[in-house]
Amino acid sequence: MNTINEAKNLIKDNIRDYGMYIALVVIILTFTIMTNGLFMSSRNISNLLDSAGYIAVLAVGMTLVIVIRHIDLSVGYAAGFLGAIAAILLTQAGVSVFVTIPIILGLGIVIGLFNGLLVASIGIPAFVATLAGMLIFRGALLQVTEKTGTIIIQDDKFNAIGNGYIPSLFQINGLHFLSLIVGLLGIIVYIYSEISNRKNKIKYQFEVVSKNIFILKLLFMSAIIAYITWILAGYNGFSWTIIIMLLVVIVYHFLSTKTVLGRHIYAVGSNPEAAHLSGINVKKITYIVFGSMGMLAALSGILFTSRLQSATTTAGTLFELDAIAAAYVGGVSSAGGVGKVTGAIIGAIVMASLTNGMNLLGVGISYQYMIRGGVLAGAVIFDVMTRKKR
Amino acid sequence: MQNYILEMNQISKEFSGVKALSDVNFKVEKGEIHCLIGENGAGKSTLMKVLSGVHPYGTYSGDIIFEGKIQTFNKISDSVKAGIAIIYQELALFPDLTVYENIFAGNEVKRGGVIDWNQTIVQAKEMLNKVKLDVNPDTLVKDLGVGKRQLIEIAKALSKNVKLLILDEPTAALNEDDSENLLNLLQELKSQGITCIMISHKLKEVIHIADRATVLRDGQTICTLDSKKDEITEAVIIKNMVGREINDIYPKRPEQKIGKKILELHNWSAYDPQLGRNIVKNINMHVNEGEIVGISGLMGSGRTELALSIFGNAKGYKLQGEFIFYGSHRAFKHPNEAIKAGIAYVTEDRKGDGLFLSQDIKNNISASNLKAISQNGLINDNEEIKIADEYRKSLYIKASSVEQSVGNLSGGNQQKVSLGKWLFVSPKLLILDEPTRGIDVGAKFEIYSVMNKLIREGMSIIMISSELGEVLGMSDRIYVMAQAEIKGELASGEATQEKIMQLATQ
Chain A
1 MNTINEAKNL
11 IKDNIRDYGM
21 YIALVVIILT
31 FTIMTNGLFM
41 SSRNISNLLD
51 SAGYIAVLAV
61 GMTLVIVIRH
71 IDLSVGYAAG
81 FLGAIAAILL
91 TQAGVSVFVT
101 IPIILGLGIV
111 IGLFNGLLVA
121 SIGIPAFVAT
131 LAGMLIFRGA
141 LLQVTEKTGT
151 IIIQDDKFNA
161 IGNGYIPSLF
171 QINGLHFLSL
181 IVGLLGIIVY
191 IYSEISNRKN
201 KIKYQFEVVS
211 KNIFILKLLF
221 MSAIIAYITW
231 ILAGYNGFSW
241 TIIIMLLVVI
251 VYHFLSTKTV
261 LGRHIYAVGS
271 NPEAAHLSGI
281 NVKKITYIVF
291 GSMGMLAALS
301 GILFTSRLQS
311 ATTTAGTLFE
321 LDAIAAAYVG
331 GVSSAGGVGK
341 VTGAIIGAIV
351 MASLTNGMNL
361 LGVGISYQYM
371 IRGGVLAGAV
381 IFDVMTRKKR
Chain B
1 MQNYILEMNQ
11 ISKEFSGVKA
21 LSDVNFKVEK
31 GEIHCLIGEN
41 GAGKSTLMKV
51 LSGVHPYGTY
61 SGDIIFEGKI
71 QTFNKISDSV
81 KAGIAIIYQE
91 LALFPDLTVY
101 ENIFAGNEVK
111 RGGVIDWNQT
121 IVQAKEMLNK
131 VKLDVNPDTL
141 VKDLGVGKRQ
151 LIEIAKALSK
161 NVKLLILDEP
171 TAALNEDDSE
181 NLLNLLQELK
191 SQGITCIMIS
201 HKLKEVIHIA
211 DRATVLRDGQ
221 TICTLDSKKD
231 EITEAVIIKN
241 MVGREINDIY
251 PKRPEQKIGK
261 KILELHNWSA
271 YDPQLGRNIV
281 KNINMHVNEG
291 EIVGISGLMG
301 SGRTELALSI
311 FGNAKGYKLQ
321 GEFIFYGSHR
331 AFKHPNEAIK
341 AGIAYVTEDR
351 KGDGLFLSQD
361 IKNNISASNL
371 KAISQNGLIN
381 DNEEIKIADE
391 YRKSLYIKAS
401 SVEQSVGNLS
411 GGNQQKVSLG
421 KWLFVSPKLL
431 ILDEPTRGID
441 VGAKFEIYSV
451 MNKLIREGMS
461 IIMISSELGE
471 VLGMSDRIYV
481 MAQAEIKGEL
491 ASGEATQEKI
501 MQLATQ
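Protein chains in written order, with the UniProt record's numbering: chain A, 1 to 390; chain B, 1 to 506.
Among the hints, a few may not be true.
Partner residues are not named here, just some residues of chain A that face chain B (Cβ under 8 angstroms, in silico) [stated by the list, open to error]:
{"#": "1", "residue": "ASN163"}
{"#": "2", "residue": "LYS201"}
{"#": "3", "residue": "ARG263"}
{"#": "4", "residue": "ALA267"}
{"#": "5", "residue": "GLY279"}
Derived list of chain B stretches under chain A, where covered just means 3 residues or more per stretch with a C-beta under 8 angstroms from a C-beta of chain A [unchecked claim]:
{"#": "6", "segment": "335-343"}
{"#": "7", "segment": "362-372"}
Honestly, the hints are just simulated from the structure, not real lab data.
All of these numbers come straight from a predicted model, not from anything done at the bench.
Every residue gets a Cβ at the ideal spot worked out from N, C-alpha and C, and that includes glycine.
Just chain A, same shape as in the assembly (with noise of 0.2 angstroms):
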């Protein structure tokens, strides 16, 4: 009795965090249900994931640029320009694939350094500095890819970011083995990591949740994963895509929540003047979000060229918007710092989830942008409503 309490407890404080994990489950019962579970296939799941990839990653990027009160629309292009700049290095320079992708991210990181050095240094807001950045950007795609129109890559290690799986070694059962493997190590790793945390906060002598709770954590949270696991390894296991997006979430959940670094970055966020006279250096960490933004959209640029298989004239288009969309519904709040990686990567997949549901549902595309809009205004709705409670 008293563990249900704690658990209702639980839920009631920190409902605007499980608010959109709840959302989502809802999506996705409501389409495996009017799908008749076609929705939950491996395939289709794995499809899912590939396909939000590029706006997640552009997402978490934006979470941090939105956190710290700022808003970059250059991405988008950005992405599409730098897609087509590895294109032509592939195959008009002959370039190889690994020296390719640390030229583009370099230079996404450029791009991005030299919007914070816009919105920094010289005091353009946000908005207006990086509109001329899509313009620009959206000029040099089409500047790139002019004589040639679309760029065909016919580099298989490329084409394997945004198309292949990681290899399997054997298969289990028809299942892979690889990715068995890689879902058990990330169970192990959450349950080591969560039992750490525990017995240091115990060490302190802090309140921690009940005994009771935090198994059935440990398991809801393992079950989850070794479901998503098993579900990918029905088809062609974890793909290229899904790690990385994967990598980045990790990476950048771990320096917004545990690093100076990223306090100071929510520290800018909820207070720039008091930021500034507590020593932090608010110019460079708007240098850093941005440059971190411009390196993510390099990173987009090359999945989505990488999943086409080519660069278009047209790449880029919207996932600014999309990549913003995703982070409100993620949860994060233009008042400033406050605002979850984690939370971008829900809410991408949300996005995704939608578009995928209803394309599957045969849903017309005028409809499928009015429920996405209404998704979204409904996210910052509840986001609204949740914290005039407090």
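On the provided structure of chain A, position chain B as indicated by the hints.
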């Protein structure tokens, strides 16, 4: 039979189970100046919010009788219609609009649905006359000082035919001159038949101006004092506010050994390129180890600017002159450098540039010294909670845990978090800018005690304050500033309120 304009009977109000007001009785006579006094969290603001309809009818229990009728205000505009106007501590003016636009904002002078600007200006002048403010109605509000803005708020209220004017700590941000002005104006309005409720922490003002005064404590009415019958004195008010006798609100400290000079400024000036003038001029001062140096002066005399120029030139001034801190002759270029060298600055505007309101107590306390709780850039969460909790206890911060959001704390507790944040960097020189503004007597005493403890441990403190009593009560030495310069230096023994005011108004 007394002639009450307002009777609030048995008012109770709860916030999620916590009683903010319980059976409060509050009666205001027609045409009087009635002061409402109480510690922070005593329920003054809540009571006024109930009255003005911020908390709509039905969310509280009890009756509000205004001009003989039971009122059921559902929103602020209902109470405004009835003739009640509140002027909050944080003024609600539009800085980029003119004076006349501000006065009639939301109450425009219309003819046939179109604003009649000429008539607006004529009427605005009338209102400005009433509040004795001599400014061109065309002036932008952002170009006016706080004192004048306050008067414009009152003019705005008068334009709505206010019968009951409520002022929430109107003089908190004003210097002595402007305060005096404002109080005189209130007397004047009283003679015109306008009733006034004033919330104030400044007891001298209360004694000076109040016809009657009601003291609230812990959401209850403690007493109502009548200047005609009772003698209203500071001692009586304070006793009722805190329910115990405070003989001396400035804690005594044993004779302090003053050490060597740690900070020296010679011909120190700061030029603000945005304002286009020197905001600090030819300052010569020093601070010794283990002393409290008070900086007194009126609002806008350059005290805060001086502090900021010392604290890593936080606002990007052009600096001139000699700066010596612990033998080093280099002035700091960023707050970061100042913090590293051992200077901390507790801002006068804790909400504006002091705290991270959306974050919790621990994140605020650790913000300036994450180095101390991290290794290779990795924060030790548990260490952070432990340290923050130590400050919570030692500074008597009233909060359920250090993971409570700072935005939900009361002013005094926020100030303590702000102080805790800077104590955590263990500075050698602590600059306190208006350390007790807008906080209650109990919290003030606690902050003074902490200051005494710090100098015993060898820290030096610069305390900037508008409250003369505080400067006199706490400082070893006092510099008085006016017009961006230091006008005089007084030892604590020779300083008096008169002497300070004389220097400050030069």
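We went through each hint and held it up to the structure:
| no. | hint | in the structure |
| --- | --- | --- |
| 1 | ASN163 | violated, 36 angstroms |
| 2 | LYS201 | holds, 6 angstroms |
| 3 | ARG263 | holds, 6 angstroms |
| 4 | ALA267 | holds, 5 angstroms |
| 5 | GLY279 | holds, 4 angstroms |
| 6 | 335-343 | holds (count 5) |
| 7 | 362-372 | holds (count 6) |
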